[in-house]
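Could you slot chain B onto chain A? The hints should help.
Same order as they appear, the protein sequences are chains A and B. 38 is the number that the UniProt record's numbering gives to position 38 of the first sequence; each next residue is one higher, with no gaps. 471 is the number that the UniProt record's numbering gives to position 471 of the second sequence; each next residue is one higher, with no gaps.
Everything labelled a hint here was simulated from the structure, so no lab data went into it. A hint or two may mislead.
Far from chain B by the CB rule (all over 10 Å, computed), these chain A residues [unchecked claim]: (1) Tyr41; (2) Glu67; (3) Leu75; (4) Ser153; (5) Ala155; (6) Ser156; (7) Leu167; (8) Thr170; (9) Pro178; (10) Phe187; (11) Ala252; (12) Pro256; (13) Ser287.
Heads up, simulated BS3-like pairs for lysine-lysine below, C-alpha to C-alpha not over 30 Å straight-line [what the hints assert, rightly or not]: (14) B:Lys101 x B:Lys63; (15) B:Lys661 x A:Lys292; (16) B:Lys496 x B:Lys429; (17) B:Lys63 x B:Lys661; (18) A:Lys225 x B:Lys661; (19) B:Lys548 x B:Lys380.
Here a beta-carbon is modelled for each residue, glycine too, at the ideal position from N, C-alpha and C.
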Amino acid sequence: MASPPPSPLTTNSAASAPPDTSNKPAAPPVNILPTQLATTYSYIHPAALLSAFAARFPALVNDPVSEMAQQLPFLALAHVAYVMICLPAAGTDSAATAAATPTSPSTPTAATSSASSTTTATTTGSRTNGNVILRPGRVGRRRTKDSSSSSSSTASAIRGRVVASLLSLTLTTLLATPVLSILLILFGAPFTTHHAQTVLCAAHMAILSSLALVYVHGVDGNVWKEVWGAKRPGDVVWGGALGTCVGAWLGAVPVPLDWDRPWQAYPITLLTGAYVGFVLGSVLGRSVLFGKRVRFEEGEDVKKVD
Amino acid sequence: MVSVTSGGPGLESPTLSDSRNAGPALSLQSPERNEQRKPQVPKALAGGSAQDKYIQGLETEFKLKHLGVLCVLGWILFLHVVGIFFFTKGFLLTRMVLENKSSCDVLPFDEAATVSKKVDGCWHQKSFEKAVVIIIDALRYDFTVPFAPSAEAESAQLFHDHLPVLYETAVNTPENAFLLPFIADPPTTTLQRLKGLTTGTLPTFIDAGSNFAGTAIDEDNLVAQLRAAGKNLVQLGDDTWHALFPGYFDPDLTRAFDSFNVWDLHTVDNGVTANLLPLLHSENSTKWDVIFGHYLGVDHAGHRYGPNHQAMAAKLDEMDRVIREIMAKLDDKTLLVVMGDHGMDSKGDHGGESNDEVDAALWMYSKRGIFGRTSAETAKPPMLARDRFVPQIDLVPTLSLLLGMPIPFNNLGSPIEEAFIGPKGNDWKNVMSVNRLTSAQIKRYQREYTASRGAEDSHQSQSEDLWRAAENSWQKLPRIGRPSQATLLSVSESYKDYQRYTLQLCRSLWAKFDVPSMIQGVAVLSAGIVLLVFYARSLKADQTDITKSLLTSVGTSSAVGVVVGAFLSFSGFAEMPVVESSALLAAAGSIVGASWTILAGSAGVSLPLPSSLWGWLAVTFTITQSIGFASNSYTIWEDEILLFFLSTFGVLAGVSSMRQKSTADRVLGVYHSILFVILGRIASFSRLCREEQMPFCRSTYYASATSSTSAPWQLAVPFLVALILPTVVRSFYAGSKSYEGAATLWIGLGFRLGLFITSVFWVLEGADDGEWLPLSKETLKSVRVFLAQLVLALAFAAGTTAFIYSKPCISINVSQGNAEPESKGKNVVPPQPAGRTTVTILGFGNVHGTRYFLLVVNFCLGIILLQKPMGQGAMGLLLWQILSLLEILDTNGLVLGNSAIGPIVLALLGSFYYFKTGHQATLSSIQWETAFIPLSSVQYPWSPIVVILNTFGAQILTAIAVPLTVLWKRPLQLSDQSSSSPKSNNPSIRLLSDVVRAACTYILFFATINLATTMWAGHLRRHLMLYRIFSPRFMMGAAVLGVVDIVLIIFSVAGVRWSTLSVGEIFGW
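Here chain A stands alone, though its shape is the one from the complex:
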């Protein structure tokens, strides 16, 4: 797999903008793992997240700080489970990830397995035109399993996922939370007070937005460059991340209103917006907006006429 054709999945599905050809190709949009469990759970998770949030909402209004602190481990756990079950870890057996990171596999076994699955995914991907690669992908997986001794590979795969998810959780907590806290303050959150609220809100947002990103893409520079430029093609992970941020942005809207409602207290609406935005973004990202990119200019990357 010296140079796999630059992600036919993307070129087929990304109708909006041709990919940036000057740089190395970044990872194509990510799909939910093609297992029955992953598919099912990928629907259960957002629903459960929202229901839990709705159920705990009165408690959140009552005492935002302690409630957010209490729920944080559960959110982290649920999200770790979600990414482990539903998403391909960085540099593992996912076709999409492997195609994007040709240099990342460190162990030869991983390299071979990913190479084989890459070819399948590529061929089938071009046939099925984009986002319906669920069935072919499963074929690829099964073949991989068949070719190796199944039990040990499964165990190591699970171990790899646990390690990856824990790593991404750590990264998220250590990096994304401070960054988001600073952003919240820059957007007008109180600077001298409400620190607990800000940090906890940022932590929730960090887990919602960044955990899956780190889990799926690792520290792939090209991907993160795309993330900072908001250039990622739409998929479940990027949709969730962008949705979280946009949701929290919109969540600030009701704060100044003089309705004197307890739920207008500072982080509650933002957090609600973030959760709703995450769910909406994930759902839209994997469906209607799959492969689509945010554009800043009309006909971006195309020569301007004037």
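Chain B only, in chain A's frame:
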């Protein structure tokens, strides 16, 4: 910098390569920006004398087009002025406050009428020594009368029949009590109502003559009259009274309670009752003369639960108990008044003018039976509020005369019959005499008002007739013997006719909005915006191309409008003065003419929809903020919302910068985006909170929340600004190697010196306040004035001169190079035969931007001087943010892209820093004292200009900076001389079009905000918060729009002429 050279490579010095605008940047930018690039050559060096005429033609063309563009902007200003004027005429109702006070010794009659017999009381025999006035806030009339089903299906609500005491007493003992509907004049807010209830006048927005800052009533009023008569007044309950009547009440006995916590139903009421009842004990009876008790529980129950709720019933029960207790303790000499100041609507709120909101109740009670009824059918209180009501202002003459006080000078109310008719219901003589007194007082007020107002309209004559008729019938009364009841009744009625007619007259003058005029204003403003949108955002041709046809059609159609308007006015079709109708029709005509040119003209327009995320962002910022002004919360928190928007822009700019392909663009873009956001957040720490923001806001602008002087540490801010700001500006100049020529002198020396003098000025100001120096106040003042005038002279006199005459900020170096002639394709070999001459031009990459920016520096210096120390820091940050924004625009390719985002973000910055320089959208936040910074006395026109520079300094500075959004690092384009048609080929005309587009976009933001605040203020004209929130915001929006228009015309767009000419002089056209 670019090297125009016969031997290029030697100039690519390593010191330059760290900057993205160093030599190679020119060739680097070209492909990535997709700019068309023409061969460039400095004109002065090209030395083509044959083309002189051609060049002069281009220059003249530019000057002409520039004038034309200014005229177009002037027309836009005219539309705005006309629109605002017509709206304001219909909206801002003004009434003059007369300072006159009624006096006990002077009767209101023209002739020095002597009082026939000595009366106990001022103008009339008094009936009571003392009074207890209880106001039950929001006591609606139907709370007090038994429930009477009017419609079939209607059944009693929870509030019915819980306050029976008033009705019972009025029915059972009519000589002791009466109960009447008591109709309020909108707005039905407590503060406005208390004004009406004590002065007897109608509320208007601006009571001209009163000071803006305070709410204290300076008109003649009942409380002041009582106080002047030496009565000891006690106030219990709602603390609004103390805002209105500071210092009038006995400080030992008075208990005021916070009125704003509507969730608390009981604290105020319990406090009033607990303090009121002991005062009524006989041993305390000498301590007070009049008690004003103000209960808030009913109002709060209404706000919180609405009237149809158990809590309201309980509250009314409590009121019933309280009134009975007071009645029990009352003595014979004391009058008890219970009333509501307004009603409440079905949800329990109030402020508007619906029947439920204005229908209050009035009940008077005395142990001595002196009240009466005139006929059998009026024996019982009316069952419906609309049946036999009295206006609330009637309380003023009634209470005044009952207590033996003169009627307050401004009163327009009438005495209430029931209080004067006597227990038998036949004392018409008494009724007539109080009516005559009241009418005479109204007459006197009317005369005084007309005199101080100047010319008055025709309605006056009819009221004059009524007055004369009443006086005549009074004169005809038989002097001897008793006139018949019927005669007295008719005389009394004729006086009352006069009173009511005058009241109606004043109400139509003061309390009625002129809706057609408001609609005219809004229509002109809206049409102006629509035209501006098409002109600025969707014209297919350059703006300068249609200037001529636009001006022609505008000129002719507005001339037609003037003539038609004048004709209509003279012929009497339009009831407007000539000037007004001419202006309105000129505006309308020019709108029609301009629409024809712009929309149907040859140029053609496209649908003005944004084509990029930036465009949508600009539209979103403008529209969401405009919608937000419909809500008092978003109006109150405008400063935070602006920060939110600016941060959003900054973050998106960072994201967009990450997408740039060139590393230099990416790094610089991200750096400036981060800087932009952080600077904005730092500036947001400078705050002056408005009252409504409390308690979620802490003022930092002054030393403390209650002072308007700076803390000593804040005096360090100007020094920091003087130290840092010139360096910051210099670094932005140095980025494009433009810190050359005039820039070194002006920024490095002039600007810094001016800022330093400013710092010294504010230290002296602080020394004056704190008396640190052993110098007399006069010395300090004259030194300060001198320093301030010095800075202003530096900024505006020397600065403008320098701006007009200085050369571009470049350095041209000609040397004999020995490098190989290795010309890049982009650069041009000058036609010198001596092929080895090297010409280095430093600062080439930003020649337009840096040249024009000198004007911004001038204004920044002048405006900074006029800000308080905290505001100076803010203005410094603003300048920094503007520069940062310009770099963001440049790195994201938005300078030449005709993007709306640059001007719109500048407008946001201007609005944001308005709040960061210690202002709010309230009249009280105007820093009037800044008029005395450069002057020792008020001098026209300078003092208003200084206050405007202080108030709208931020918007002015950003308006000055608007052309930079298309000039900053704009590549120098020269005309292609080989082409035959110069019209399409004059790049300076292109530049001018871009400037106009940016300026119009900037205007568009403020015009939209102005239209939105105008429409909301008009729509919410009876809103509870109109006077506090919507009207001030509307006035601010209008003022800002006018200021911004004028600054853009006189300074910004005009300034482009000098900077472009100066560049053209060096580089050709």
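Consistency of the hints with the structure:
no. : hint                : result
1   : Tyr41               : holds (31 Å)
2   : Glu67               : holds (22 Å)
3   : Leu75               : holds (24 Å)
4   : Ser153              : holds (38 Å)
5   : Ala155              : holds (40 Å)
6   : Ser156              : holds (36 Å)
7   : Leu167              : holds (24 Å)
8   : Thr170              : holds (25 Å)
9   : Pro178              : holds (15 Å)
10  : Phe187              : violated (5 Å)
11  : Ala252              : violated (6 Å)
12  : Pro256              : violated (4 Å)
13  : Ser287              : holds (22 Å)
14  : B:Lys101 x B:Lys63  : violated (62 Å)
15  : B:Lys661 x A:Lys292 : holds (20 Å)
16  : B:Lys496 x B:Lys429 : holds (14 Å)
17  : B:Lys63 x B:Lys661  : violated (39 Å)
18  : A:Lys225 x B:Lys661 : holds (11 Å)
19  : B:Lys548 x B:Lys380 : violated (77 Å)
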